[in-house]
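Chemist: Residue numbers (the working numbering), protein chains in the order written: chain A, 164 to 530; chain Y, 31 to 328; chain G, 11 to 254.
It is worth saying that the hints were derived from the structure and are not from the lab.
Treat the hints with care, as some may be off.
Facing chain Y, a subset of chain A residues (Cβ under 8 Å, in silico) [as the list claims (entries may be wrong)]:
#1 Ile171
#2 Lys173
#3 Pro373
#4 Val498
Every residue gets a Cβ at the ideal spot worked out from N, C-alpha and C, and that includes glycine.
The primary structure of each chain is shown beneath.
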Amino acid sequence: MKRFIGFIRKEFYHIFRDKRSLFILFGMPIAQILLFGFAITNEINNVDIAILDHSNDVETQKIINKIKSSPYFKIENQIHNEKDIEAEFKKGKIKAVLIFEPNFSKNLVTKKVATLQTVTDATEPNVASTIANYTTALIQNYQLQKKQYNNQIKVQVQSRMFYNPELKSVFNFVPGVMTIILMLVSAMMTSISITREKELGTMEILLVSPIKPFQVIIGKVFPYIFLSIINAIIILILGFFVFGMPINGSLFLLLFESILFIISALSLGILISTISDSQQTAMMLSLMGLMLPVILLSGFIFPIKSMPIPMQLISNIIPAKWFIIIIKAIMLKGVSIQYIWKETLILIGMTVFFITLSIKKYKIRLE
Amino acid sequence: MSIIVQNISKSYKTKKAVENVSFEVKKGEIFGLIGPDGAGKTTLFRILTTLLKANEGNASVLGFDVIKDYKSIRSSVGYMPGKFSLYQDLTVEENLTFFATLFGTSIEENYDLIKEIYIQIEPFKKRRAGALSGGMKQKLALCCALIHAPKVLFLDEPTTGVDPISRKEFWEMLKRLQQKGITILVSTPYMDEASLCDRIALIQNGLLLKIDSPENITKNYDKVIYDVSTKNRHKLIHDLKNYPSQYSVYTFGEYIHYIDKQMKFNLEELLQYLKDKNHTEIEIKTAIVTIEDVFMDL
Amino acid sequence: MEKEKIIAVQNLTKKFGDFTAVKNISFDVYKGEIFGFLGANGAGKTTAMKMLIGISNPTSGKATVAGFDVKEKAEMVKKNIGYMSQKFSLYDDLTIKENIQFFGGIYGLSRTEIKSKTESLVKELQLETIINSLVGSLPLGWKQKLSFSVALLHEPKIVFLDEPTGGVDPITRRQFWEMIYSQAYKGTTIFVTTHYMDEAEYCDRVSIMVDGKIEALDTPKNLKKHFKVDSMNEVFLKLARNVE
């Protein structure tokens, strides 16, 4: 045990003496969160839209006039057929189409409900969601004016997104960035710190000593568990205070799941270090082998449902996918373990698998 | 016997690193593996320190088999790998403490053993290992390898790239460690260090060429070597190489070493030959045979 | 006849913060000479050499190499010298031919020059049959010989060799020195550092640096006479011991 503590102390010396990595370690999450956060703007002006008015009556004209007079939208043209919507989008000029259902005024009077549909081009997800929100706001404003005459009526706004139906928002990037950072810090840093010992030749000394392979591994990994937890907390605090990301569920559960994910990432890092001889290879492997799948296949940027089936299947073996599902559920929906035990179990399974594999692969000799 | 090596062979893919090597190292002996880079010295060290498995043959250290009892070997030997550079970002003291705890001991426990070496670097114990000079790094590395009081010490090219003064001091330290009963297996590319070992093995291209004490190796050399020098060294080499009965000609310190093919070599004839070639300040005398001479003739 | 100075160093000093690595050294090297530059690890050899090849600026003092000031005309200095070190010599992942072509290109040789140089060089070193093999697969001694030849591609006036024979076997080491001799014979000046004291004997003149200063500079013969010892090794040990 004393041996082990001595080992961990040495690891901390390495980490705290390397000022540059330390800066990257803690500077990166902050920079990432702020970059992602502020790059997602919430303001739009003069967006070109098209109108498809199936009823063309008094009420629709009133609403259209209201839209016209707002600074947010500019009506580019009127279209007359649903089929033209896609074509208009493809031209790329307009960002949204407002569709009034047939008999809009009549429905408003008889059924007390009329539907206005907004179809948005969600290739720019933030613009799309903002358009939807603005339209809703305009209609609510319109209803407020209407209420003076009639309390009962209601215009309901239906939003439909083209191309990117699972709309991404601020609430998405906090879990996403957290996943990336935890993956990066845990896997890359451990794989690099293990391969560094190989490069220096000190790994030979460690091998020719009574310390056991699993002690070396745990000793290498332990400091990064600690640092990754700190990183996770920094991200959560930033998300919460700067961008208003809610944490509806249990903080304890959130931390537990984070640690679980961190451990699985660490074991991947060890696995990488067993197959690479230099720090450079370790870094490339972590970046290409871990970062890209996390960014591309975890559902952080591209929704899994809209991927081709083979990709969807592959996404299942990516721990990050499950972790993102879990933390989103905890943070946004505020669910407890009952609802995410399946995902948690998958993550545990993967972690155990990676750890066993990396201990098995860790060589007691040089070849 | 502290180390027994029997018919060890090892190859990497198609390249043979070590071929059918056998030797024994007695308890308390300084045994030198002498040979240039790429001769197979490091491979042998790694096999003996249980880091590599040989393709063929057996080896044991302190009676433990290098394959079966690798754990016992690992806890009872000290090892200084060739490119060993310590932890550059840790201080002298931290490095030493780390290696002590790694072997489940402490600096105090075995201070007697390392004392003589450690006091030389102790003034710099708060300095990072990366900021030490070559000689001091090497002393620290030796302390680290000794801290758990090993019975056998494996030193793979400990003096490579180190200046002559530090090298001399290092060998003096090894002699003192030997007096404490530690068996030392050391490798070096510097032929002049061979004479400091009790016994040596000359190794080249994976083959052991000779095993004996340095004295016996030089004593048993069957040819006579002459020291030759003249004013114009460059021309001298050229002319000697063109001398009909020359066996070999090579520079050696301030002289050129000349070996003749004939048993009945006539010194006067050579002298006359050199005079005819317009050499001045000619000096010819019998040379003292060194390990390097023997090595070059293998 | 006055010998032609090819390196002239006057009161050269280099400081790193509080630490003075090279303390006010002065010496001259003559054309066609083999000049041994010796010293213990950390004595300031490498620092001094870096200033002479124009990659490190002196703190004070003056040095001219091949007639050019190392501080003001560093680019001209670099054009007129060849450099080879034990650590960096050639690219392991390029073939012999590619290495020669690359370095020839760097020194601004024309295509035809590179071609003829490659041929003569490969012939001289007897590498014809393996000209297309990777340098990484060569034994160390061959590598060093090849990289010495490559350092000479652009026919520099001076070649700086930083521990060129470290770890090389005794036979190849001597072949290497024979290459040095014949090069010096052709008039190239050789500036060489080494840890092998027998190699110090091969030099025309030797300087020994201790603690940032040049403590001795003379022919090996005179040095041995002066210190009343038989070998350069003992000269070296005597000098450095005095300081400690």
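Chemist: Just to be careful: measuring from the Cβ of Pro373 of chain A to every Cβ in chain Y, is the smallest value less than 8 Å?
Modeler: holds, 4 Å
Chemist: With 8 Å as the cut and Cβ atoms as the points, is Ile171 of chain A at the interface with chain Y?
Modeler: At 10 Å from the nearest chain Y Cβ, Ile171 of chain A fails the 8 Å test, so the hint is violated.
Chemist: Per the CB criterion, is Val498 of chain A less than 8 Å away from chain Y?
Modeler: Val498 of chain A check fails; min Cβ-Cβ to chain Y is 45 Å, beyond 8 Å.
Chemist: Minimum Cβ distance from Lys173 of chain A to chain Y below 8 Å?
Modeler: Hint holds; Lys173 of chain A Cβ to chain Y Cβ min 5 Å, cut 8 Å.
Hints 1, 4 from the list above are not met by this structure, while the remaining hints are.
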